[in-house]
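Novice: Using the sequences provided together with the hints, build the complete structure.
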Amino acid sequence: MSERRPTGELETAVLEYLWAVGDPSTPGDVHGAVAPDLAYTTVMTVLTRLHAKGALERERRGRAFAYWPSEVEAKHRAAQMRGQLDAAGDRQAVLSSFVDALTSAEADELRQILLEAGE
Amino acid sequence: MTAQFVLPTLVAVALVCSMSLIDWRLHPRVALPVLSAAMFIAAAGLLVVLAGAATGFVLGPARSSSLLEWCRAIPLHHQVHPAAGVAALSALAVVGWRGAAVLRARRHAIGSVDADSRISVIDSDDPVAHAIPTRTGCVVVSTGLLSALAPAERRAVFAHERAHLHLGHHRYILLAELCVAAVPLMRPLADQLRHATERAADETAAAHVDDRTTVARAIGAVVLGPEMTGVPGLGGGSIPRRVEALLWPEREKLASRHVSALAVGIALTAGVAFGVQIHHFGELLDHLCNSTT
Chain A
1 MSERRPTGEL ETAVLEYLWA VGDPSTPGDV HGAVAPDLAY TTVMTVLTRL HAKGALERER
61 RGRAFAYWPS EVEAKHRAAQ MRGQLDAAGD RQAVLSSFVD ALTSAEADEL RQILLEAGE
Chain B
120 MTAQFVLPTL VAVALVCSMS LIDWRLHPRV ALPVLSAAMF IAAAGLLVVL AGAATGFVLG
180 PARSSSLLEW CRAIPLHHQV HPAAGVAALS ALAVVGWRGA AVLRARRHAI GSVDADSRIS
240 VIDSDDPVAH AIPTRTGCVV VSTGLLSALA PAERRAVFAH ERAHLHLGHH RYILLAELCV
300 AAVPLMRPLA DQLRHATERA ADETAAAHVD DRTTVARAIG AVVLGPEMTG VPGLGGGSIP
360 RRVEALLWPE REKLASRHVS ALAVGIALTA GVAFGVQIHH FGELLDHLCN STT
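Just so you know, the sequences run in chain order A and B. Numbering follows the numbering used here, with no gaps: position 21 of the first sequence is 21. Quick note, the numbering used here runs 119 ahead of the 1-based positions in the second sequence.
I should point out that these hints are in silico values taken from the structure, not numbers from a laboratory. A portion of the hints provided could be inaccurate.
To give a feel for the contact side, a few chain A residues facing chain B, derived at Cβ under 8 Å [unchecked claim]:
(1) Val34
(2) Ala35
(3) Pro36
(4) Asp37
(5) Tyr40
(6) Phe98
(7) Ala107
Derived list of chain A stretches under chain B, where covered just means 3 residues or more per stretch with a C-beta under 8 Å from a C-beta of chain B [to be verified]:
(8) 18–27
(9) 108–114
Backbone N, C-alpha and C fix where the C-beta goes; we use that ideal spot for every residue, glycine too.
Specialist: This is the structure:
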């Protein structure tokens with residue numbers, strides 16, 4: 001039984017998978033990892049569409065293609081975004097980040113914790 | 120504007136500010152609604168009193184001029200001393216300024232990505248991972264962050280940021296920041312709220328990648344990288360506690376049911392006090408409506 005997922009969400013899931021994996025992936029890899037509940041052809045269509053949009057690059061692997069993400073914001077745009085996001089007020093004000101900077105005391109505490117965990 | 124008249128709001132603000140002194144360690148399920156409600160009550164209460172004082176002060180001279188006939192009908196039971204009136208107007212200006220800065224920051228953040236973009240990878244060595252609350256929600260990461268992580272850890276970061284968007288954390292954070300603009304003493308409560316959202320996103324990410332250790336490692340890899348150590352923390356989201364909770368969930372010292380109930384009780388009491396204050400002003404408004412018909 002396959003669920004209809006909104007297109008945007010599926011495209012996003014595919015893109016995130018490809019960014020996470022790093023190496024070029026075949027439609028089979030992507031299908032199995034991202035949306036095994038959907039049809040293989042659905043995943044292939046998404047990959048083709050993303051490639052047509054310029055978000056992905058691809059190379060031939062035998063009879064299939066292998067895809068990887070290409071869309072990286074241009075450097076000047078990145079700097080602009082960084083400037084906007086990083087102004088201390090901005091980050092504090094409204095954004096959720098994965099992590100914020102920590103004090104050296106917190107860094108030491110964290111190292112202790114990770115040591116104890118054997119990481 | 121006697122002290123008695125504004126007493127209910129003073130009680131509400133004092134109660135909520137006293138909450139700031141305690142590290143509640145509430146479960147995110149409790150922290151999000153209770154802390155944001157408490158902050159809203161204190162901020163709204165203060166703004167209502169400031170607005171009332173400012174209005175009373177401004178209307179004072181207007182009543183005696185012939186320009187605003189209808190103002191004469193407002194019975195000002197509570198005279199506003201000029202000093203109080205000026206102080207109220209100044210305070211409102213400051214709060215308005217700080218609140219506008221928060222909204223401006225939000226606008227900049229949202230404007231920094233394409234409206235329909237859901238994921239944006241920027242070419243930068245600095246570790247960046249944010250959830251931008253556009254209409255569709257956009258996760259922004261940097262190539263620098265991705266290169267510091269293994270594939271499974273990257274998936275964890277994406278899942279964490281996506282969780283912030285799905286769970287609507289940006290609304291709580293925006294409300295909290297606006298409230299802190301009005302009552303700066305509540306900053307610790309906003310930090311506790313932020314920590315709760317980070318824990319919730321961590322748990323969602325851990326479930327998504329089916330490995331708590333991966334998320335903990337991802338946090339460590341990003342945070343202990345050369346860019347971030349030793350920089351003063353910006354507050355909110357205690358990182359060591361997050362990693363500990365991921366690695367040893369049984370060790371996490373969350374608020375007991377009784378402590379949670381206490382937090383709810385204080386917030387409710389503040390709410391009642393706020394309600395009483397609104398009632399006072401309601402009476403004023405009632406006079407206003409009746410005298411102008």
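Novice: Decide, hint by hint, whether the structure agrees.
Specialist: Each hint tested on the structure:
1. Nearest Cβ of chain B to the Cβ of A:Val34: about 10 Å, over the 8 Å cut. The hint is violated.
2. Because the closest C-beta pair between A:Ala35 and chain B is about 14 Å apart, greater than 8 Å, the hint is violated.
3. Because the closest C-beta pair between A:Pro36 and chain B is about 15 Å apart, greater than 8 Å, the hint is violated.
4. A hinted interface residue such as A:Asp37 counts as satisfied when its beta carbon comes closer than 8 Å to some beta carbon of chain B; here the least separation is about 15 Å, so the hint is violated.
5. The beta carbon of A:Tyr40 is not positioned within 8 Å of any beta carbon in chain B (closest approach about 21 Å), and the interface hint is therefore violated.
6. At about 4 Å, the closest approach between the beta carbon of A:Phe98 and any beta carbon in chain B falls short of 8 Å, and the interface hint on this residue holds.
7. Given hint, A:Ala107 at the interface with chain B, holds; its Cβ is 5 Å from that chain's nearest Cβ, closer than 8 Å.
8. Chain B is given as covering the region 18–27 of chain A, and this holds because 4 residues of the stretch bring a CB closer than 8 Å to a CB of that chain, at least three being needed.
9. Judged by the Cβ-Cβ criterion of 8 Å, the region 108–114 of chain A is covered by chain B as claimed, because 5 of its residues qualify and three suffice.
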